[in-house]
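Undergrad: Going line by line, the protein sequences match chains A and B. Counting from 509, one number per residue, gives the positions in the first sequence under the working numbering. Counting from 509, one number per residue, gives the positions in the second sequence under the working numbering.
Please note that a few of the clues may not be correct.
Identical copies go unnamed one by one, so any copy, or any two together, can satisfy a pair.
[To be verified] As a list, the in silico SDA-like pairs of lysine to any residue whose alpha-carbon atoms are at most 25 Å apart:
(1) Lys-729 x Pro-675
(2) Lys-705 x Leu-820
(3) Lys-931 x Asn-533
(4) Lys-707 x Gly-827
(5) Lys-637 x Pro-556
Hint data in this document are derived by calculation from the structure and do not stem from the laboratory. Quick caveat: nothing in here was measured; it's all calculated off a predicted structure.
The lines below spell out each chain.
Number of protein chains: 2
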Amino acid sequence: MSDVESFLDQRVIDLVNSYITSNANPETKVTHHLPPEKLRSKIDLTLPENGSSLDELYLTIEQYLNFSVRTGHRQFFNQLWSGFTLPGFLGEIIASLANTSMYTYEVAPVATLMEKELIKKLGSICGFKNPEGMFVTGGSNGNLQAMMIARNRALPFVKSHGYKDSPELMAFVSEEAHYSFEKSANILGLGSANLRKIKTDDRGRMIPEELAMAIEQSSQKGKAPFFVGATAGTTVKGAFDPLTEIASIARQHDLWFHVDGSLGGTVVLSARHRHLLRDLVKADSFIWNAHKLMGLPLICSILLIREKGHLLQTNSVTGTDYIFHDEAYGACDLGPMSLQCGRRVDALKLWLSWKYYGDLGYAERVDRFFELAAFAEDIVSRTPSLELMAPRSSVNVCFRYIPNTSEDIDKFNLDLREELARKGKALVNFARLGENVAIRLVIANHELAREDISRFFDYLIQTAESLDR
Amino acid sequence: MSDVESFLDQRVIDLVNSYITSNANPETKVTHHLPPEKLRSKIDLTLPENGSSLDELYLTIEQYLNFSVRTGHRQFFNQLWSGFTLPGFLGEIIASLANTSMYTYEVAPVATLMEKELIKKLGSICGFKNPEGMFVTGGSNGNLQAMMIARNRALPFVKSHGYKDSPELMAFVSEEAHYSFEKSANILGLGSANLRKIKTDDRGRMIPEELAMAIEQSSQKGKAPFFVGATAGTTVKGAFDPLTEIASIARQHDLWFHVDGSLGGTVVLSARHRHLLRDLVKADSFIWNAHKLMGLPLICSILLIREKGHLLQTNSVTGTDYIFHDEAYGACDLGPMSLQCGRRVDALKLWLSWKYYGDLGYAERVDRFFELAAFAEDIVSRTPSLELMAPRSSVNVCFRYIPNTSEDIDKFNLDLREELARKGKALVNFARLGENVAIRLVIANHELAREDISRFFDYLIQTAESLDR
Numbered sequence: 509m510s511d512v513e514s515f516l517d518q519r520v521i522d523l524v525n526s527y528i529t530s531n532a533n534p535e536t537k538v539t540h541h542l543p544p545e546k547l548r549s550k551i552d553l554t555l556p557e558n559g560s561s562l563d564e565l566y567l568t569i570e571q572y573l574n575f576s577v578r579t580g581h582r583q584f585f586n587q588l589w590s591g592f593t594l595p596g597f598l599g600e601i602i603a604s605l606a607n608t609s610m611y612t613y614e615v616a617p618v619a620t621l622m623e624k625e626l627i628k629k630l631g632s633i634c635g636f637k638n639p640e641g642m643f644v645t646g647g648s649n650g651n652l653q654a655m656m657i658a659r660n661r662a663l664p665f666v667k668s669h670g671y672k673d674s675p676e677l678m679a680f681v682s683e684e685a686h687y688s689f690e691k692s693a694n695i696l697g698l699g700s701a702n703l704r705k706i707k708t709d710d711r712g713r714m715i716p717e718e719l720a721m722a723i724e725q726s727s728q729k730g731k732a733p734f735f736v737g738a739t740a741g742t743t744v745k746g747a748f749d750p751l752t753e754i755a756s757i758a759r760q761h762d763l764w765f766h767v768d769g770s771l772g773g774t775v776v777l778s779a780r781h782r783h784l785l786r787d788l789v790k791a792d793s794f795i796w797n798a799h800k801l802m803g804l805p806l807i808c809s810i811l812l813i814r815e816k817g818h819l820l821q822t823n824s825v826t827g828t829d830y831i832f833h834d835e836a837y838g839a840c841d842l843g844p845m846s847l848q849c850g851r852r853v854d855a856l857k858l859w860l861s862w863k864y865y866g867d868l869g870y871a872e873r874v875d876r877f878f879e880l881a882a883f884a885e886d887i888v889s890r891t892p893s894l895e896l897m898a899p900r901s902s903v904n905v906c907f908r909y910i911p912n913t914s915e916d917i918d919k920f921n922l923d924l925r926e927e928l929a930r931k932g933k934a935l936v937n938f939a940r941l942g943e944n945v946a947i948r949l950v951i952a953n954h955e956l957a958r959e960d961i962s963r964f965f966d967y968l969i970q971t972a973e974s975l976d977r
Numbered sequence: 509m510s511d512v513e514s515f516l517d518q519r520v521i522d523l524v525n526s527y528i529t530s531n532a533n534p535e536t537k538v539t540h541h542l543p544p545e546k547l548r549s550k551i552d553l554t555l556p557e558n559g560s561s562l563d564e565l566y567l568t569i570e571q572y573l574n575f576s577v578r579t580g581h582r583q584f585f586n587q588l589w590s591g592f593t594l595p596g597f598l599g600e601i602i603a604s605l606a607n608t609s610m611y612t613y614e615v616a617p618v619a620t621l622m623e624k625e626l627i628k629k630l631g632s633i634c635g636f637k638n639p640e641g642m643f644v645t646g647g648s649n650g651n652l653q654a655m656m657i658a659r660n661r662a663l664p665f666v667k668s669h670g671y672k673d674s675p676e677l678m679a680f681v682s683e684e685a686h687y688s689f690e691k692s693a694n695i696l697g698l699g700s701a702n703l704r705k706i707k708t709d710d711r712g713r714m715i716p717e718e719l720a721m722a723i724e725q726s727s728q729k730g731k732a733p734f735f736v737g738a739t740a741g742t743t744v745k746g747a748f749d750p751l752t753e754i755a756s757i758a759r760q761h762d763l764w765f766h767v768d769g770s771l772g773g774t775v776v777l778s779a780r781h782r783h784l785l786r787d788l789v790k791a792d793s794f795i796w797n798a799h800k801l802m803g804l805p806l807i808c809s810i811l812l813i814r815e816k817g818h819l820l821q822t823n824s825v826t827g828t829d830y831i832f833h834d835e836a837y838g839a840c841d842l843g844p845m846s847l848q849c850g851r852r853v854d855a856l857k858l859w860l861s862w863k864y865y866g867d868l869g870y871a872e873r874v875d876r877f878f879e880l881a882a883f884a885e886d887i888v889s890r891t892p893s894l895e896l897m898a899p900r901s902s903v904n905v906c907f908r909y910i911p912n913t914s915e916d917i918d919k920f921n922l923d924l925r926e927e928l929a930r931k932g933k934a935l936v937n938f939a940r941l942g943e944n945v946a947i948r949l950v951i952a953n954h955e956l957a958r959e960d961i962s963r964f965f966d967y968l969i970q971t972a973e974s975l976d977r
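Using the sequences and the hints, build the whole thing.
TA: Below, the structure written as structure tokens:
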């Protein structure tokens, strides 16, 4: 290892900038879409006994970039996130360079203050007067922590003595809620049977009357309802549950009211669309993924709690005095409130990005996403061979192609989607809506313009027509 | 936002390299050690309504780097990790640039294969014949998942129906084990009272006879022992529990045998020191933090399971067909085995770093850490005013200064440590060993040389003498 190998050199900049340039070129393939055997034959992934040179690393790095899916490409619509933003990228570089851990103020002074500032800001946007919060390891983890706070509130002795002799707790989410609620019920020891999935309407929204009925039924069976999780932006349809009605039912039954805004939380930044989250202020907790519609590099998830005190009460344990010292600035330490010990600085990238775009930049971005989604919906409506599969609520557009020649519409659409990927033209995901396969277009890349949406549909229809013979 | 602001420019390289250069200069302060009020007055952390320019971001970035603690400085001994390595840093940059998520092979093809390759490699180093594994969000998270697998093995119905009518489970760790075991007992709904903390010997190792006795006692009380967590490298003393004896007790009582190698896992890479983990091959699960002694940027934690199948069985849920498609390369997807949905690529940085240093480079690094720790221990033994507070087991050296003038030795050592930080000379942590405060020096920075250790003790003794008047 020579001295020069301790420093970044020009190669990184060239590599990064050429990657970004290629992403912007419509001719660049979004994906090579190679099966594992084929990919393995192209990259040597074995690890050596003896070390290698930096030059050899750069070869692998080039292969990594070449064969990875281009999630920053404007024809990448496959997940609930997409795109590249320089401030977020810079934030990751600097956080990694300074490489500290969020547990104590002493070792992460600036990052701790930044995280606190962001929690204050996000809390005030939600209308919470005395909020607390925490950057967590993802939306799933946020849902887990919210459910855990609710559990420990319902059974204060569970922290010290477990479920011994307690009534069976029951949690409620919609049938289109994220699967992490079931993981949470599993982790916490409730059991998946004690997570009731409430019916949704045709837009994918939880039906409040069904929720009220299910709660009553559970109570009659001797179960103890304790938690309701509403979704702001479901994974498939992008639907927003009716928070006002759910909040009122939750209050009536003294349930913890959590809102999973992993996808749709960012919508509160838009004056035009935040009505979708009306009465969010009544939520007891709220999870928000800034790595989705705010375009930050993964992971950037924030759990907000309306009233201070729950995180510490739920998560603090004994045996931590080797790391958390009251002597210093212990009151500022975030670690005791967290389920993690070592924790990355995810706040810096969000802070820098927010500083760069400002409140108004993000509001404008959300509005643009909705406009582009409406534009895509309009193309679907105007095109005879396309069929809208669900009313559009936000940034997700679910549709399918109706072939002339094939009777198996599902298989045709799966093949169509696969063919688009195989050609590297576009990567877009699918889901099952009831019995049918739907292609799910997600508008989440801030660099998208109408021409990118049009190009996607051009590719799709051309490809479909070539298959529909 | 102009076009040029989509690209990295020379400023990043200059900033990064000047930061690295400053870290290497002994005159550079490790920390400014400012209280929150003072730090707040130096950096404006408010977020604007309107956006800002990239130039303004760079001002904050410079302040961030200036006021953050320099964890890559050779006088930073405060945590169980330290230092900077270029291959790991490059890995973070590239992972963030390509920004994908580890849940499906389709969207993370290269990263998925890399993660699998690393699991295979680490599993084979541990001697596991049919291993599985997962990069997780930290050592705490790995301990949680291991305990959860054990719980679901003991109570197969808990996943669907919770703890209903089940016996009270009991888990066992040493009294010097990490606090995350208590967090895990809390999360999983066991209750902290059902985590028994077993006595340790003078080196900080779990006493097997005490473990056997505690298991018997629990069974006699009608509890159901199910899990024992041994520690390979405790947080304060760096002690290694006797795995051979614990494995045998675990087998006898049919307990899940987990090893927390968050700190000491890396020691298996050294032929000279891996005897400390003798019989690791008998562990059912093992957690290893590559962001500690392997020097990767945070977080890089790997959970290894000796036998395939547990992760999927424990963690899989329903309602995931919108993301996990059997149609494609579903069998390659890592997501269903994970507690996360979106997950960062932590494998790339470890892969690149391993490629760069090789097996032998890491073995040599571990040996060097032990030698430097022995060197530090030797200084303590040879210096009349210093006292060794616990026998050294690995890379942690616990000691204190014995003042001439003060009767409150604890307070003196706290003041001494604080004064070193206030001057920015060195950052080193302390812990309580029984009744006494000990300064805990951790050797975890691969750039350390003997002269850095000597310099640390010079600073410490000079500072102590100036206080000891």
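Undergrad: Are the hints correct? Go through all of them and say.
TA: Against the structure, the hints come out as follows:
When the C-alpha separation of Lys-729 and Pro-675 is checked against a cutoff of 25 Å, the pair qualifies both within a copy, at 11 Å, and between copies, at 23 Å. Taking CA atoms no more than 25 Å apart as the test, Lys-705 paired with Leu-820 passes between copies only; the shortest distance there is 23 Å, against 30 Å inside one copy. For a Cα distance limit of 25 Å, the shortest separation of Lys-931 from Asn-533 inside one copy, 15 Å, qualifies, whereas the shortest one across copies, 53 Å, does not. When the C-alpha separation of Lys-707 and Gly-827 is checked against a cutoff of 25 Å, the pair qualifies only between copies, where the shortest distance is 14 Å, while the shortest distance within a copy is 45 Å.
Proximity of Lys-637 to Pro-556 under the C-alpha cut-off of 25 Å is restricted to the inter-copy arrangement: shortest distance 20 Å between copies versus 56 Å within a copy.
Hint compliance for this structure: no hint is broken.
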